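Two chains, two separate frames, one set of hints: put the complex together.
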Amino acid sequence: MKNEEKSLVDRFIDLSLEAFEDHEDEFFEIENIDKNTYLTERLNHIKRMRLKSISTVKKNQNEKQLHMAKEQIKQILESGDKVKIGKLSQLFGSNYAPALYRNLDKLDKHDIEEMFHDKNILDIIEGLEKPDKEG
Amino acid sequence: MDKNEQSIRLNDVKDEEWLKIVTELTKWVGMKLRFKTQYGAHSDYNLGGNPTAYYVDGAVEKLFTGEWKWKQEKYTLLEQLQVIAGSMMSENVRKASSAKIKMVPTETEELINLADREDYWEEEEEEKEEKNRLFDEALAACSEGDEELSLYVMALQASQNMNEICTLLAWDKRKVYVVQRKLHRKICNYFKQRNE
Chain A
1 MKNEEKSLVD RFIDLSLEAF EDHEDEFFEI ENIDKNTYLT ERLNHIKRMR
51 LKSISTVKKN QNEKQLHMAK EQIKQILESG DKVKIGKLSQ LFGSNYAPAL
101 YRNLDKLDKH DIEEMFHDKN ILDIIEGLEK PDKEG
Chain B
1001 MDKNEQSIRL NDVKDEEWLK IVTELTKWVG MKLRFKTQYG AHSDYNLGGN
1051 PTAYYVDGAV EKLFTGEWKW KQEKYTLLEQ LQVIAGSMMS ENVRKASSAK
1101 IKMVPTETEE LINLADREDY WEEEEEEKEE KNRLFDEALA ACSEGDEELS
1151 LYVMALQASQ NMNEICTLLA WDKRKVYVVQ RKLHRKICNY FKQRNE
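Top line first, the protein sequences correspond to chains A and B.
Using my numbering, you'd call the opening residue of the first sequence number 1 and step up by one each time.
Using my numbering, you'd call the opening residue of the second sequence number 1001 and step up by one each time.
Chain B with its partners taken away, still in its complex shape (with noise of 0.2 Å):
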């Protein structure tokens, strides 16, 4: 699909179905976003504006000018805006990793630095683990004393997916969905908190 079919395409994709998929990729990009370690680098100061606006607009504009390739056979266009996005907020980690380096103007810090440099592609590791961790801290803080929630944090360890949970717990899926919500706005919270 060259740039024109490309947006031929796009063109093609009424406003009704626009509106799912920005609801969707909103979704996405605010959670993503939520747990993320480095908020800095997504914040509105560095960002410009509303965090979650500048990676749905700037998603949507790489691919109406044809930047970044739809690849329809293998991705929807959600799949496609959130593979671009994900893309994006990584690129600006990385921007904000080495903009910390280059601060840093003194021969003796250079050196630190250099050394940094060399451990730089081995932080993207890194940094999962921290987000783990930080999360598993988040999971046990936002569910201490409430009993519904410990047990449920448990079974959300111990599984991989939502069938794993409702036959882990006994709870159709709708108990879950409601038990779920409860559980991210709290760590929602916990994150707008740390965050701040």
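Here chain A stands alone, though its shape is the one from the complex (with noise of 0.2 Å):
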């Protein structure tokens, strides 16, 4: 908004923002804040938030990375290349093979997670990868 549209009041506003910018000692004395207490709850809140926001985004690349291993196991299992799916046996182990020859779509989230289990998602990726780029 321009200067010659606001209210005295804003325009008041922006001279005290001015005014008080070397001075936040005084603007909080005005406000009656204690401002070092105000300032670490402010700040301690903002890192709660930032842990939350930290394990939702890893949450959700999570997520998206099952998605892309499972597509890619999808469409291993559709092309019938025995070379393929013996390397998604040896990834996985024999204890997850049969799950493997099952249609994967009947496979629920959790399944998938297990199969995923104390394995790293990347890992997994790259290696169903490397069959595509020799083949």
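Hints are computed from structural coordinates only; laboratory data are not their basis.
These numbers come from a predicted model, not from an experiment.
For every residue, glycine included, the Cβ atom is placed at its ideal position computed from N, Cα and C.
The reader is advised that the hints may include incorrect statements.
Sample of chain B residues facing chain A (criterion: CB under 8 Å; computed from the structure) [what the hints assert, rightly or not]:
(1) Glu1061
(2) Gln1082
(3) Asn1132
(4) Val1153
Next comes the structure, spelled out in structure tokens:
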């Protein structure tokens, strides 16, 4: 908003913001707020928000990677390429080989998560990409 | 920028930067609240705690959770938080106004209410006028008997920005800052007493 369109109150606030730029302590004193306690509390709130956000980002990235890996596995199984399917069994170990041969769509999110349990999804995705490059 | 990208960008902001942003946001929110006519909507009682902290934390939270999108091409982080906090304040005034309307139970009163409700959207303009009127009163009361402040208030009313005030009064910025802070303090006290 242009200054000419601003009310006197808003122009006064703009002037005060400028006048208090290097006088934060005076502002907090006028507002009767303990500056250090107040800012520590705000920063702690931001840190809590940040932790929640990091956890959500990780969860979303993990779900995206799981989806990518699942799609790649599906493509390999549908291709019927024995070399690639063999590679798949190698990556997951024999315990999960039977599950892989069933229709992957029948496996729910928890089954997939169980298959990927204590495995690095990124390594698996890279591993699955290798046969394509070799082929 | 999707929610994830927004979170990643926010997570990258360092604590020192947050501290500066929160300090500036606090000043902005504090000043906006101080000169509100409907202070009841923003009272400690209504918001369940310090009103300034309520709006600062709320704006930060709405950005982190992705409830509000950070329009990076348009706003800095501070500006975006000001937009969110400003919107929250307006929303609370609206809620407080409609709560008053809903409290009326009888049929006759309900009819009066409907009339009020129809005028409701024009009320914001009315509130602005009321706010300006009260602010003029505050300026007059706080500068009364103080020659320097009276002169400053006249310049304030006749100018659009800091440079114009400096030219009009032939003062340097430092002097204007000192007088502005003095007047700000007096006006805050005036409104504090008025709102108590």
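Next item on the list: List, from low to high, the hint numbers that the structure doesn't satisfy.
Entry: The structure conflicts with hints 2 and 4, although it agrees with all the remaining ones.
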